[in-house]
Amino acid sequence: MTEVVVIPMEHGLLLAAILFLIGLLGVMVRRNILLILMSLEIMLNACGLAFIVVGAHWGQADGQIMFMLILAIAAAEVSVGLGMLLQVHIRIGTLDIDLASRMRG
Amino acid sequence: MLELALFYLAAGISLVSTILAVTRVNATHALIYLIISLLASAIIFYLVGAPFAAVLEVVIYAGAIMVLFVFVIMMLNLSPAGEAIEHRWLQPRMWIIPALFCTLLLAEITYMLSRGDNLLMGHMVGPKAVGLELFGPYVLAVEIASMLLLAGLVGAFHLGRRYLTELREETS
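Top line first, the protein sequences correspond to chains A and B. According to the numbering used here, the stretch in the first sequence is residues 1 to 105, in order. According to the numbering used here, the stretch in the second sequence is residues 1001 to 1172, in order.
Some clues are possibly wrong.
[Said to hold, decoys possible] Below, in silico cross-link-like pairs of lysine to any residue (SDA-like), each with a Cα-Cα straight-line distance of 20 Å or less: (1) B:K1128 with B:F1052; (2) B:K1128 with B:A1141; (3) B:K1128 with A:D62; (4) B:K1128 with A:V27; (5) B:K1128 with A:L69; (6) B:K1128 with B:V1055; (7) B:K1128 with B:V1142; (8) B:K1128 with B:L1140; (9) B:K1128 with A:H57; (10) B:K1128 with B:L1031; (11) B:K1128 with A:I92; (12) B:K1128 with B:P1051; (13) B:K1128 with B:Y1138; (14) B:K1128 with A:Q60; (15) B:K1128 with A:M66; (16) B:K1128 with A:E77; (17) B:K1128 with B:V1139.
[To be verified] So the derived label-pair ranges between C-beta atoms look like this: (18) B:G1155 with A:S101: 16 to 26 Å; (19) A:D96 with B:K1128: 41 to 51 Å; (20) B:N1077 with A:E10: 24 to 34 Å; (21) B:G1155 with A:I92: 37 to 47 Å.
Everything labelled a hint here was simulated from the structure, so no lab data went into it. Glycine included, every Cβ here is placed at the ideal spot set by N, Cα and C.
Turn these sequences into a full structure, and let the hints steer you where they fit.
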């Protein structure tokens, strides 16, 4: 039996936090709707990573179950979001979210 | 401490490819880097002892959800001009970094699987434990998730159907 090497939980959580921050910056900085949706996916994935790391640290299955619920949320969110993206594309003719917000009435 | 090196390599690939994904100018390149980031996350899940979550990450996240993005990118440039743009985007030298990252991840998973003893960091939680928990105390959450997915299905169908009819009217 070899000695079990345990990944420090803090490092996993730090990775999740940095990934979440990158996704948040992407949502705030990017102006293409498709890339904003991708950044949202990055943020959701970072949340899932945090749940998995914490669940693995205590040996509980709850972390993986939360990850599965996040997967369901991500799938529903991205399908509706991409449908709305197609609507914006057909109505405004661009994917720039600044132009979409300027069009009133 | 080779095991820890595997974790830090996967974490580094995940970070770098995520940063590259949010800074790319065109969506196709961003999508490729995002898929690599998700694959690196799957390796991390496997390393910390969640093999079922790793499989779900590859099958659902990197497979199904990213395919939705690919479909939308394909629908957005449905013309010879769009094809020319795609041809310009997908230059061979653009593939170097993604191919390098993928090769590193493949080498990692090959090493992990070829080692006789299971490479375990943290506590292993197998699919059986997850399933027992999921359909035991969490069965209400499963029902809510199914309703959420149904709502997503109906919403996506409604929005996408109107897009297709309007596209048809526009072209005719």
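Hint-by-hint comparison with the structure:
Only pairs whose Cα atoms come within 20 Å are accepted, and K1128 of chain B paired with F1052 of chain B is accepted, the gap being roughly 9 Å. This hinted pair checks out: K1128 of chain B and A1141 of chain B have alpha carbons roughly 18 Å apart, not beyond 20 Å. For the hint linking K1128 of chain B to D62 of chain A, the alpha-carbon distance of about 13 Å falls within 20 Å, and the restraint holds. A hinted pair counts as satisfied when its Cα atoms are at most 20 Å apart, and K1128 of chain B with V27 of chain A does not qualify at roughly 37 Å.
For the hint pairing K1128 of chain B with L69 of chain A, the CA-to-CA distance comes to about 17 Å; that is within 20 Å, so the pair holds. This hinted pair checks out: K1128 of chain B and V1055 of chain B have alpha carbons roughly 14 Å apart, not beyond 20 Å. Distance hint between K1128 of chain B and V1142 of chain B is fulfilled; the C-alpha atoms sit about 16 Å from each other, no more than 20 Å. Taking the CA atoms of K1128 of chain B and L1140 of chain B, the gap is near 19 Å; set against the 20 Å cutoff, the hint holds.
Distance restraint check for K1128 of chain B and H57 of chain A: the Cα-Cα separation of roughly 18 Å lies within the 20 Å cut-off, and the hinted pair is therefore satisfied. For the hint linking K1128 of chain B to L1031 of chain B, the alpha-carbon distance of about 33 Å lies beyond 20 Å, and the restraint is violated. Using a Cα cut-off of 20 Å, the hinted pair K1128 of chain B and I92 of chain A is violated, with the two alpha carbons roughly 49 Å apart. Taken as a hint, the K1128 of chain B and P1051 of chain B pair is honoured in the structure, with Cα atoms around 11 Å apart against an allowance of 20 Å.
Between K1128 of chain B and Y1138 of chain B, the direct Cα distance comes to roughly 14 Å. Compliance with the 20 Å bound is thereby established for this hinted pair. For the given pair, K1128 of chain B sits about 12 Å from Q60 of chain A by alpha-carbon distance, which is consistent with the 20 Å threshold. For the suggested pair K1128 of chain B and M66 of chain A, the alpha carbons sit about 16 Å apart, so the restraint of at most 20 Å is met. A distance of roughly 28 Å separates the Cα atoms of K1128 of chain B and E77 of chain A; the hinted pair therefore is violated under the 20 Å criterion.
A hinted pair counts as satisfied when its Cα atoms are at most 20 Å apart, and K1128 of chain B with V1139 of chain B qualifies at roughly 15 Å. For the pair G1155 of chain B and S101 of chain A, the supplied restraint of 16 to 26 Å holds, since their beta-carbon distance comes to about 21 Å. For D96 of chain A paired with K1128 of chain B, a C-beta distance near 49 Å keeps the hint of 41 to 51 Å intact. The hinted range of 24 to 34 Å is not satisfied by N1077 of chain B and E10 of chain A, whose Cβ atoms lie roughly 44 Å apart.
The hint said 37 to 47 Å for the Cβ distance between G1155 of chain B and I92 of chain A, and at roughly 20 Å that hint is violated.
Hints 4, 10, 11, 16, 20 and 21, counting from the list given before, are not met by this structure.
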